[in-house]
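Asks: Sequence:
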Amino acid sequence: MAGPKEPAALQLSDFDFDLPPDRIAQRPVSPRDAARLLEVGPALVDLTMRDLPGRLRAGDLLVYNDTKVIKARLAGRRGTAGIQATLHRMIDAATWYAFARPAKKLKVGDRIVFAPDFAATVREKGDGGEVMLHFDCAGTQLMAALDKYGQMPLPPYVKRAGGGDPRDMQDYQTVWAAREGAVAASTAGLHFTPALLGALDAAGVRRVALTLHVGAGTFLPVKSENVAEHRMHAEWGEIGPGAAAAVNRAKAEGRRILAIGTTALRVLETVADPGGRVKPWSGETQLFVLPGFAFRAVDLLLTNFHLPRSTLFMLVAAFAGLERMRAAYAHAIRERYRFFSYGDACLIHRAAPGGPA
Numbered sequence: 001m002a003g004p005k006e007p008a009a010l011q012l013s014d015f016d017f018d019l020p021p022d023r024i025a026q027r028p029v030s031p032r033d034a035a036r037l038l039e040v041g042p043a044l045v046d047l048t049m050r051d052l053p054g055r056l057r058a059g060d061l062l063v064y065n066d067t068k069v070i071k072a073r074l075a076g077r078r079g080t081a082g083i084q085a086t087l088h089r090m091i092d093a094a095t096w097y098a099f100a101r102p103a104k105k106l107k108v109g110d111r112i113v114f115a116p117d118f119a120a121t122v123r124e125k126g127d128g129g130e131v132m133l134h135f136d137c138a139g140t141q142l143m144a145a146l147d148k149y150g151q152m153p154l155p156p157y158v159k160r161a162g163g164g165d166p167r168d169m170q171d172y173q174t175v176w177a178a179r180e181g182a183v184a185a186s187t188a189g190l191h192f193t194p195a196l197l198g199a200l201d202a203a204g205v206r207r208v209a210l211t212l213h214v215g216a217g218t219f220l221p222v223k224s225e226n227v228a229e230h231r232m233h234a235e236w237g238e239i240g241p242g243a244a245a246a247v248n249r250a251k252a253e254g255r256r257i258l259a260i261g262t263t264a265l266r267v268l269e270t271v272a273d274p275g276g277r278v279k280p281w282s283g284e285t286q287l288f289v290l291p292g293f294a295f296r297a298v299d300l301l302l303t304n305f306h307l308p309r310s311t312l313f314m315l316v317a318a319f320a321g322l323e324r325m326r327a328a329y330a331h332a333i334r335e336r337y338r339f340f341s342y343g344d345a346c347l348i349h350r351a352a353p354g355g356p357a
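Residue numbers (my numbering): 1 to 357.
Honestly, the hints are just simulated from the structure, not real lab data.
Hints are not guaranteed to be accurate.
Label pairs and their computed distance ranges (CB to CB) [stated by the list, open to error]:
no., residue 1, residue 2, range
1, 277, 30, 36 to 42 Å
2, 94, 293, 56 to 62 Å
3, 161, 59, 33 to 39 Å
4, 128, 323, 31 to 37 Å
5, 159, 242, 38 to 44 Å
6, 202, 136, 48 to 54 Å
7, 136, 14, 43 to 49 Å
8, 252, 48, 30 to 36 Å
9, 140, 308, 25 to 31 Å
10, 202, 280, 29 to 35 Å
11, 167, 277, 28 to 34 Å
Here are the simulated EDC-like cross-link-like pairs (lysine to aspartate or glutamate), alpha carbons at most 20 Å apart as the crow flies [to be verified]:
no., residue 1, residue 2
12, 223, 92
13, 105, 130
14, 68, 147
15, 71, 16
16, 148, 130
17, 223, 238
18, 71, 171
19, 223, 22
20, 105, 127
21, 71, 168
22, 71, 136
23, 159, 124
24, 223, 16
25, 105, 92
26, 148, 124
27, 125, 147
28, 68, 127
29, 71, 147
30, 279, 299
31, 68, 201
32, 159, 284
33, 68, 229
34, 251, 229
35, 107, 127
36, 68, 92
37, 104, 117
38, 125, 136
39, 104, 127
40, 223, 299
Computed from a prediction, not measured in an experiment: that's the story for all the values here.
Virtual Cβ for every residue (Gly too), placed ideally from N, Cα, C.
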């Protein structure tokens, strides 16, 4: 029997699977903690999110992402030409990288007017429709303008006439959203409610926050057949001294670290040393996790079901083993689990080194 491929030999087709379109969730279940949960360990176990406290141990440390989604999708005009822009990464208090369309209508120095009192200037043009926009306002004034004139940046597979609607303003935000800056939700966190958090507290599960401002690059397709050639977009994150100390204390005491979402996992694994200890950190990460990656900090991962051929499916395949995750997704499709941002969740146990391929 052939062993697992080396990362450099992995092909995009290794991460492909057939997903019926009707499995793509267009709305979340209500209440949120009624979502289904597939536990992926030595066996597959069908649960709901309300079962999560009973699947964890007292002392487990739940690490979540407290980022808050901003209204990052804008419609404006350059002269008579209509321009759509989706912000995806902040450079400074007044400047963002954005994906614009049609980008061919733009050149450096152009002004895009989004409202009579809200405009930006094109500072740079890059590949794939990316532009750098410098706004006429900054900081809290810019956030207020986005809140007034922008739309919620729903994923491309969530279909809405005219963009998001009022319900999405609540649905596409986690219960612990606090720090503005994301242009996509940390969707694993969408399943949590005050009642579920209370049940986790009662079970002795501890929790701590970090931040990763999720960028629109999370939805960009992998175009290289040799997946190791793919370049991840940078995303800004931070883990404070208190959170780092809590993770290190849990590791020293032999307690498990549960990352809520691939975003929390990427921050932890960006900063972890070979012993799994983490340090306070603030900066950008472009961590790209493929099978063969040596996980240092995270023992359990709660995440949604991801797109075929995506960097997120590659990450879960690295965490649990590609064949195990292919089997888990096949089971989920047969059992009519709901996929993607508004869908159901997986509780994934990390494969032991030398475990499932």
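Asks: Given the hint that residue 125 pairs with residue 136, does the C-alpha gap stay at or below 20 Å?
Replies: 18 Å, holds
Asks: Quick one: are residue 128 and residue 323 within 31 to 37 Å, going by C-beta?
Replies: Hint holds: Cβ distance 33 Å, inside 31 to 37 Å.
Asks: Would you check the hint for residue 68 and residue 127, treating anything up to 20 Å between C-alpha atoms as holding?
Replies: 27 Å, violated
Asks: Measure nothing beyond the straight line between the CA atoms of residue 107 and residue 127; if it is 20 Å or shorter, mark the hint as holding.
Replies: Status holds; Cα separation ~13 Å.
Asks: Between residue 251 and residue 229, does the CA-CA distance stay at or below 20 Å?
Replies: Between residue 251 and residue 229 the Cα gap is close to 33 Å, so the pair fails against 20 Å, i.e. violated.
Asks: Is it true that the CA of residue 71 sits at most 20 Å from the CA of residue 147?
Replies: 6 Å, holds
Asks: Quickly compare the C-alpha distance for residue 105 and residue 127 to 20 Å and report which way the hint goes.
Replies: Distance of about 14 Å is within 20 Å: holds.
Asks: Assess, step by step, whether the Cα of residue 223 is no farther than 20 Å from the Cα of residue 92, and give holds or violated.
Replies: 29 Å, violated
Asks: Does the Cβ-Cβ separation between residue 167 and residue 277 fall within 28 to 34 Å?
Replies: Violated - the Cβ-Cβ distance for residue 167 and residue 277, about 42 Å, lies outside 28 to 34 Å.
Asks: Is the hinted pair residue 223 and residue 299 satisfied, with a Cα-Cα distance of at most 20 Å?
Replies: 30 Å, violated
Asks: Taken at face value, is the distance from the CA of residue 136 to the CA of residue 71 at most 20 Å?
Replies: 17 Å, holds
Asks: Below or equal to 20 Å on CA atoms is what counts here, so check residue 279 against residue 299.
Replies: At roughly 18 Å apart (the allowed maximum being 20 Å), residue 299 and residue 279 satisfy the hint.
Hint check: violations occur at hints 2, 3, 9, 11, 12, 15, 16, 17, 19, 23, 25, 26, 27, 28, 31, 32, 33, 34, 37 and 40; the rest are consistent with the structure.
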